[in-house]
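All chains, full assembly: derive it from the sequences and hints.
Those sequence lines, one after another, are chains A and B. Quick note: the first sequence, position 205, residue 205 per UniProt numbering, numbers continuous. Quick note: the second sequence, position 101, residue 101 per UniProt numbering, numbers continuous.
Just so you know, these hints were derived from the structure itself, not from any lab. Don't be surprised by glycine CBs; every beta carbon is placed ideally from N, CA and C. A couple of the hints might just be wrong.
Here chain A is said to cover these stretches of chain B; the calculated rule only asks that three of the stretch's residues, wherever they fall, bring their Cβ under 8 Å from a Cβ of chain A [unchecked claim]: (1) 42-48; (2) 70-81; (3) 103-114.
With a straight-line Cα cutoff of 25 Å, these simulated SDA-like cross-link-like pairs (lysine to any residue) come out [claimed, not checked]: (4) K49/B <-> I139/A; (5) K50/B <-> D163/A; (6) K49/A <-> G36/B; (7) K50/A <-> G34/A; (8) K50/B <-> V132/A; (9) K49/A <-> E71/B; (10) K49/A <-> D27/A; (11) K50/A <-> L129/B; (12) K207/B <-> G95/B; (13) K50/A <-> S39/B; (14) K207/B <-> T166/B; (15) K50/B <-> L45/A; (16) K50/B <-> L28/A.
Residue-level listing of the chains:
There are 2 protein chains.
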Amino acid sequence: MGFRLISNCRSEPIVGEDRQDIEALIDLMARLPGLGPRSARRAVLHLIKKRGRLMSPLATQMQLVADTARECITCGNIGTGDLCGICASEKRAIGEICVVEDVSDLWAMERAGGFKGRYHVLGGTLSALDAVGPEDLRIPALIQRVMDEQVHEVILALNATVDGQTTAHYISDELAGRCAVTSLAQGVPIGGELDYLDDGTISAALKARKSV
Amino acid sequence: MGFRLISNCRSEPIVGEDRQDIEALIDLMARLPGLGPRSARRAVLHLIKKRGRLMSPLATQMQLVADTARECITCGNIGTGDLCGICASEKRAIGEICVVEDVSDLWAMERAGGFKGRYHVLGGTLSALDAVGPEDLRIPALIQRVMDEQVHEVILALNATVDGQTTAHYISDELAGRCAVTSLAQGVPIGGELDYLDDGTISAALKARKSV
Ligand SMILES: [Zn+2]
Ligand SMILES: [Zn+2]
Chain A
1 MGFRLISNCR SEPIVGEDRQ DIEALIDLMA RLPGLGPRSA RRAVLHLIKK RGRLMSPLAT
61 QMQLVADTAR ECITCGNIGT GDLCGICASE KRAIGEICVV EDVSDLWAME RAGGFKGRYH
121 VLGGTLSALD AVGPEDLRIP ALIQRVMDEQ VHEVILALNA TVDGQTTAHY ISDELAGRCA
181 VTSLAQGVPI GGELDYLDDG TISAALKARK SV
Chain B
1 MGFRLISNCR SEPIVGEDRQ DIEALIDLMA RLPGLGPRSA RRAVLHLIKK RGRLMSPLAT
61 QMQLVADTAR ECITCGNIGT GDLCGICASE KRAIGEICVV EDVSDLWAME RAGGFKGRYH
121 VLGGTLSALD AVGPEDLRIP ALIQRVMDEQ VHEVILALNA TVDGQTTAHY ISDELAGRCA
181 VTSLAQGVPI GGELDYLDDG TISAALKARK SV
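Now the structure itself:
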């Protein structure tokens with residue numbers, strides 16, 4: 001057997017130096033939300049087993065998105081140009097802005113359908129605990145947009161959490177007298193987060209929106 | 001505002017064509033074990049937010065591993081050459097082979113430490129239900145190794161499942177008279193899978209191994 005004749009005098013870790021690239025990959029994967037060290041190991045092993053049909057295409061696609069994805073300068077949505085697909089589309093109504101905390105909430109709204117206006121992604125919520133003030137979010141930019149774009153309605157689609165509702169009240173106060181401010185109403189459970197709701201619930205809440 | 005002047009006559013999906021690369025990435029990510037469509041979306045959004053410091057390095061490392069990782073021709077472990085780091089190491093004892101179902105189990109054994117011999121990765125277990133026979137696994141190659149390498153002990157570190165134990169009995173029968181066959185004993189809970197055990201449990205089971 002040839003393997004016994006191979007000279008290997010490196011002072012190596014238990015598993016061997018050929019594992020270091022794999023370990024580095026596992027460490028990076030473990031930084032994804034929802035994956036710990038153990039599930040990252042399983043994911044990497046799965047990828048290696050399917051390295052031709054899954055791992056290589058995934059790496060290529062990930063690099064492509066890393067190179068092209070960027071935040072829309074108007075609304076904060078993710079797109080590939082200065083303006084996202086929604087802001088760049090002539091088909092989306094002007095004068096109606098749906099305010100969300102995060103891009104994942106925008107995606108949830110789009111999956112639900114029913115909203116034909118444009119968006120504004122705050123990038124979080126006001127938080128006394130975490131010292132997040134209006135200037136740390138896209139709130140000044142929202143107020144500017146309301147003035148510049150002759151906005152007649154701002155729909156607050158913020159999470160039904162304490163911070164989400166604090167943020168809704170703050171924005172509502174700031175926009176008082178400038179445009180109508182409504183919020184998603186029926187169907188959003190207390191403490192619920194938009195991204196975890198079914199599409200029908202979001203649609204119903206949108207239709208039943210009320211003045212704040 | 002410039003965005004209202006931009007002409008965009010594409011007949012586009014709701015979210016815009018600039019989402020198609022991101023959707024393709026989400027679809028690929030959703031094929032990882034432990035990630036569904038929703039967690040894949042969250043993971044991709046997290047990556048896009050950290051596209052410089054996490055997404056790009058992850059894509060690069062994933063491509064590197066996809067290009068270099070391969071199965072060891074001797075034991076089935078993952079490495080970067082014909083032989084894995086363990087088979088290529090002079091420091092690992094010859095004549096003692098630990099048989100595992102999967103590479104993840106080999107990694108678990110190595111994390112636990114205490115075993116200084118070499119491995120043999122079966123690539124699964126015998127299964128009447130799934131029609132997996134000895135020829136579908138690395139069992140013939142194991143028997144060949146036992147003869148070629150003057151192996152004096154084969155340690156069966158198979159999962160304590162029905163299929164794992166069926167496989168252990170089969171291998172034990174095949175190797176009867178050729179070498180000692182032992183198995184991990186104390187500490188492996190019924191129905192337990194190696195990769196989910198703590199390192200101490202695996203170490204104890206290794207030390208208390210018994211003849212089959
Ligand atoms: Zn936009
Ligand atoms: Zn090997």
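Going down the list of hints, with the structure as the test:
Counting residues of the stretch 42-48 of chain B whose beta carbon lies closer than 8 Å to any beta carbon of chain A gives 7, which reaches the threshold of three, so the coverage claim holds. For a cut-off of 8 Å, the count of residues in the stretch 70-81 of chain B with a CB near a CB of chain A stands at 5, and the three-residue condition holds. Counting residues of the stretch 103-114 of chain B whose C-beta lies closer than 8 Å to any C-beta of chain A gives 5; at least three are required, and the coverage claim holds. Taking the CA atoms of K49/B and I139/A, the gap is near 19 Å; set against the 25 Å cutoff, the hint holds.
Simply put, K50/B and D163/A have alpha-carbon atoms about 24 Å apart, close enough for the 25 Å limit, and the pair holds. About 19 Å separates the Cα atoms of K49/A and G36/B, which keeps this hinted pair within 25 Å; it holds. With a C-alpha separation of about 21 Å, the suggested pair K50/A and G34/A falls inside the 25 Å cut-off, and the hint holds. With a C-alpha separation of about 20 Å, the suggested pair K50/B and V132/A falls inside the 25 Å cut-off, and the hint holds.
The hinted pair formed by K49/A and E71/B meets the criterion: a straight-line CA distance of about 9 Å does not exceed 25 Å. For the hint linking K49/A to D27/A, the alpha-carbon distance of about 18 Å falls within 25 Å, and the restraint holds. Distance hint between K50/A and L129/B is fulfilled; the C-alpha atoms sit about 24 Å from each other, no more than 25 Å. Using a Cα cut-off of 25 Å, the hinted pair K207/B and G95/B holds, with the two alpha carbons roughly 18 Å apart.
A distance of roughly 21 Å separates the Cα atoms of K50/A and S39/B; the hinted pair therefore holds under the 25 Å criterion. With a C-alpha separation of about 23 Å, the suggested pair K207/B and T166/B falls inside the 25 Å cut-off, and the hint holds. Note on K50/B and L45/A: the hinted pairing holds, with a Cα-Cα distance of about 24 Å set against a maximum of 25 Å. Under the criterion of a C-alpha separation no larger than 25 Å, the hint pairing K50/B with L28/A is consistent with the structure, at around 12 Å.
The structure agrees with every numbered hint stated previously.
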